[in-house]
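Number of protein chains: 2
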Amino acid sequence: MGNVTIRILARELQLSAATVSKALADSHEISQSTKKRVLEMAAALNYTPNPYASSLRRKKSKTIAVVLPEVADSFFSQAIDGIEAIAQDKGYHVLVCLTHERAHKEQAILHEMLGGRADGILISSCSETTAPSSILELQEKGVPVVFFDRVCEELDTAKVVTDDRNSAYKAADHLIRCGCQEIAFLSISENLSISHERIEGYKHALDERGIKFSPENIIPCTHHAEDNVRLLKDILSKKRRPDGIIASVEKLAVQVYQACRELKLNIPGDVKVVGFSNLVTASLLNPSLTTITQPAFEMGRTAATLLFKALGNKSMDLSQNVLVIPSELQVRDSTG
Amino acid sequence: MGNVTIRILARELQLSAATVSKALADSHEISQSTKKRVLEMAAALNYTPNPYASSLRRKKSKTIAVVLPEVADSFFSQAIDGIEAIAQDKGYHVLVCLTHERAHKEQAILHEMLGGRADGILISSCSETTAPSSILELQEKGVPVVFFDRVCEELDTAKVVTDDRNSAYKAADHLIRCGCQEIAFLSISENLSISHERIEGYKHALDERGIKFSPENIIPCTHHAEDNVRLLKDILSKKRRPDGIIASVEKLAVQVYQACRELKLNIPGDVKVVGFSNLVTASLLNPSLTTITQPAFEMGRTAATLLFKALGNKSMDLSQNVLVIPSELQVRDSTG
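Chain order of the listed sequences is A and B.
Using the working numbering, the first residue of the first sequence is number 98, and each one after it goes up by one.
Using the working numbering, the first residue of the second sequence is number 98, and each one after it goes up by one.
No lab work stands behind these hints, which were simulated from the structure alone.
Being a predicted model, the structure only gives us computed values, none of them experimental.
We put the CB at the ideal spot given by N, CA and C, even for glycine.
There's no promise every hint is true.
As the list claims (entries may be wrong) - Straight-line Cα separation of at most 27 Å, DSSO-like style, residue types lysine-lysine; simulated pairs:
| # | chain 1 | residue 1 | chain 2 | residue 2 |
| --- | --- | --- | --- | --- |
| 1 | A | Lys157 | A | Lys202 |
| 2 | B | Lys238 | A | Lys202 |
| 3 | B | Lys159 | A | Lys238 |
| 4 | A | Lys238 | A | Lys202 |
| 5 | A | Lys157 | B | Lys238 |
| 6 | A | Lys159 | B | Lys406 |
| 7 | A | Lys267 | A | Lys238 |
| 8 | A | Lys157 | B | Lys406 |
| 9 | A | Lys157 | B | Lys157 |
| 10 | B | Lys406 | A | Lys202 |
| 11 | B | Lys406 | A | Lys238 |
| 12 | A | Lys300 | A | Lys336 |
| 13 | B | Lys361 | B | Lys406 |
| 14 | B | Lys202 | A | Lys406 |
Claimed, not checked - Restraint ranges, calculated between C-beta atoms of paired labels, are given here:
| # | chain 1 | residue 1 | chain 2 | residue 2 | range |
| --- | --- | --- | --- | --- | --- |
| 15 | B | Gly239 | A | Asp324 | 41 to 47 Å |
| 16 | B | Lys238 | A | Lys238 | 27 to 33 Å |
| 17 | A | His208 | B | Arg274 | 53 to 59 Å |
| 18 | B | Lys309 | A | Cys275 | 50 to 56 Å |
Produce the entire structure from the sequences given, and follow the hints as far as they go.
Structure below.
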């Protein structure tokens with residue numbers, strides 16, 4: 098069967114295309130009996146509205162986009178679940194678009210969105226992000242944008258974050274209380290606001306306990322597992338090696354375990370580990386992993402709720418909404 | 098700044114809208130000098146093509162959609178990585194659409210796709226799927242559809258699967274060799290072809306070793322972690338309890354660990370466990386998990402490659418392509 102268009106419906110019904118279109122849109126200009134005839138014929142011919150055509154008419158895609166670095170991280174997969182819980186309620190589709198931490202992919206995705214593919218955008222920045230120009234363009238075109246977790250500080254819009262600084266403070270403070278003196282902080286990107294915040298919290302805990310901060314204890318990691326494991330093995334093989342590690346990203350905690358296993362170092366005996374992580378397997382690892390557990394689902398839900406508020410009220414000032422939902426330290430065996 | 102349309106460009110350039118449109122599409126009907134003027138003006142006014150409008154004209158969205166149950170499973174997140182590797186090469190966007198195992202969500206997503214939102218579809222069925230009608234409609238409209246992992250057997254199209262039957266055979270055979278006599282098979286859905294195949298492989302191994310198959314050893318699990326852990330605790334608390342477990346889905350293996358921990362049952366001493374899983378943490382669990390590791394990235398890559406072949410050649414018969422990429426048994430400590 099070919100595409101059934103409004104024109105074909107109109108021909109079959111001996112009505113004008115405009116009448117059919119208005120009937121399908123439930124316009125008050127069309128009588129109930131005509132609407133009934135049109136809907137019956139549409140059902141009989143299996144008419145599917147073309148969303149591109151109807152998007153042009155209605156300027157609504159009934160879709161929101163979630164732009165984020167990856168899905169192989171339980172923070173992001175749980176945040177998506179929170180976003181979808183709200184979108185489903187509102188009858189919206191969710192498109193997940195992955196940047197894989199690359200600025201040029203993020204730019205390309207946002208540029209596509211300028212054409213109306215989505216009514217609103219939820220975004221967690223990639224680690225390379227520098228220019229917020231595409232976001233500004235979206236805002237100028239009236240497409241609301243809400244950041245979650247990894248935010249772009251210079252942009253005036255809604256932001257849903259966790260208490261990154263205080264979380265890292267708690268992680269470092271916990272390690273110091275467990276006897277650590279040489280605490281390495283594994284960082285993923287210098288560009289991200291969450292990295293800054295977490296490093297500040299870490300420094301604050303050291304300072305408060307009279308431990309001198311050494312810049313070489315901030316370890317810049319990459320997105321390549323093998324490179325990171327190699328780097329960690331180097332660091333953990335040194336004479337003066339860390340006795341505590343804070344992994345600021347879930348994957349880095351797993352890589353610390355791998356490096357320690359290869360070097361036959363005991364966790365927590367030789368080195369204690371805290372990971373920012375929402376891994377369901379955290380409690381089942383050998384040893385179980387002490388985590389900073391982020392409110393991933395709740396952050397996704399809250400960000401989506403704000404976005405739909407903005408979609409319902411074009412004059413809403415999103416920039417007034419910067420929400421902080423706290424994370425939790427869950428102490429397990431990796432810190433002894 | 099408002100939306101710059103082709104009409105606005107045309108007015109500024111004192112050309113017809115058709116000429117501007119053809120120039121932007123690099124038509125041979127338009128002179129190089131005119132094209133240059135149009136492109137310069139487009140750049141100056143920051144013109145963005147409206148993808149909905151241009152999709153209507155070109156009937157191409159330069160987008161493929163991946164429809165799958167969830168992303169919080171490492172099989173799916175790794176398959177997405179494989180798909181994106183190919184799509185990126187081809188300059189296509191990838192939209193990830195999640196069904197959360199619900200047939201009505203899958204139907205709604207596929208129905209949306211009928212309107213031209215994506216040029217081609219990669220799909221791994223939800224566990225409730227029954228009617229393939231939306232897929233047939235997409236095929237009739239010329240939208241190629243390629244299945245991966247969870248396929249719909251009655252549909253004539255390309256399918257990329259792993260050797261599910263043989264993998265389950267290997268898992269059961271391994272447990273029997275390790276001394277297990279009472280092997281439970283945790284299943285997620287009766288509707289999925291992969292469930293059938295895996296159960297057949299499991300039965301075959303029992304049969305070959307002279308172990309009688311008991312239907313009550315096929316344990317139907319749900320998508321709710323808490324319900325599953327409760328069910329598993331019941332089964333593992335019985336006098337005649339399984340001494341071996343095959344978890345046919347990644348999450349179920351994690352739930353077996355949780356149930357055993359709560360009951361203080363030792364893995365592998367009291368019960369041995371094999372999981373179908375691509376968990377990066379499999380080797381770091383306590384104990385490390387014996388897995389059937391599926392070629393997730395490769396399956397995604399292969400499925401996407403077939404889809405792009407079909408997009409490049411509308412007369413290609415996709416149904417001739419049913420590819421099987423084998424999985425691997427990785428023996429670790431959970432089977433002793």
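Verification of the hints:
1. A/Lys157 <-> A/Lys202: holds (24 Å)
2. B/Lys238 <-> A/Lys202: violated (30 Å)
3. B/Lys159 <-> A/Lys238: holds (22 Å)
4. A/Lys238 <-> A/Lys202: holds (21 Å)
5. A/Lys157 <-> B/Lys238: holds (24 Å)
6. A/Lys159 <-> B/Lys406: Outside the cut-off at roughly 31 Å; violated.
7. A/Lys267 <-> A/Lys238: violated (42 Å)
8. A/Lys157 <-> B/Lys406: violated (32 Å)
9. A/Lys157 <-> B/Lys157: holds (19 Å)
10. B/Lys406 <-> A/Lys202: holds (24 Å)
11. B/Lys406 <-> A/Lys238: violated (37 Å)
12. A/Lys300 <-> A/Lys336: holds (23 Å)
13. B/Lys361 <-> B/Lys406: violated (53 Å)
14. B/Lys202 <-> A/Lys406: holds (24 Å)
15. B/Gly239 <-> A/Asp324: 41 to 47 Å: About 44 Å separates the Cβ atoms of B/Gly239 and A/Asp324, which means 41 to 47 Å holds.
16. B/Lys238 <-> A/Lys238: 27 to 33 Å: Once the Cβ atoms are compared, 30 Å apart, the range 27 to 33 Å for A/Lys238 and B/Lys238 holds.
17. A/His208 <-> B/Arg274: 53 to 59 Å: holds (56 Å)
18. B/Lys309 <-> A/Cys275: 50 to 56 Å: Roughly 53 Å apart at Cβ, these two residues keep to the hinted range, so it holds.
The structure shown violates the earlier hints numbered 2, 6, 7, 8, 11 and 13.
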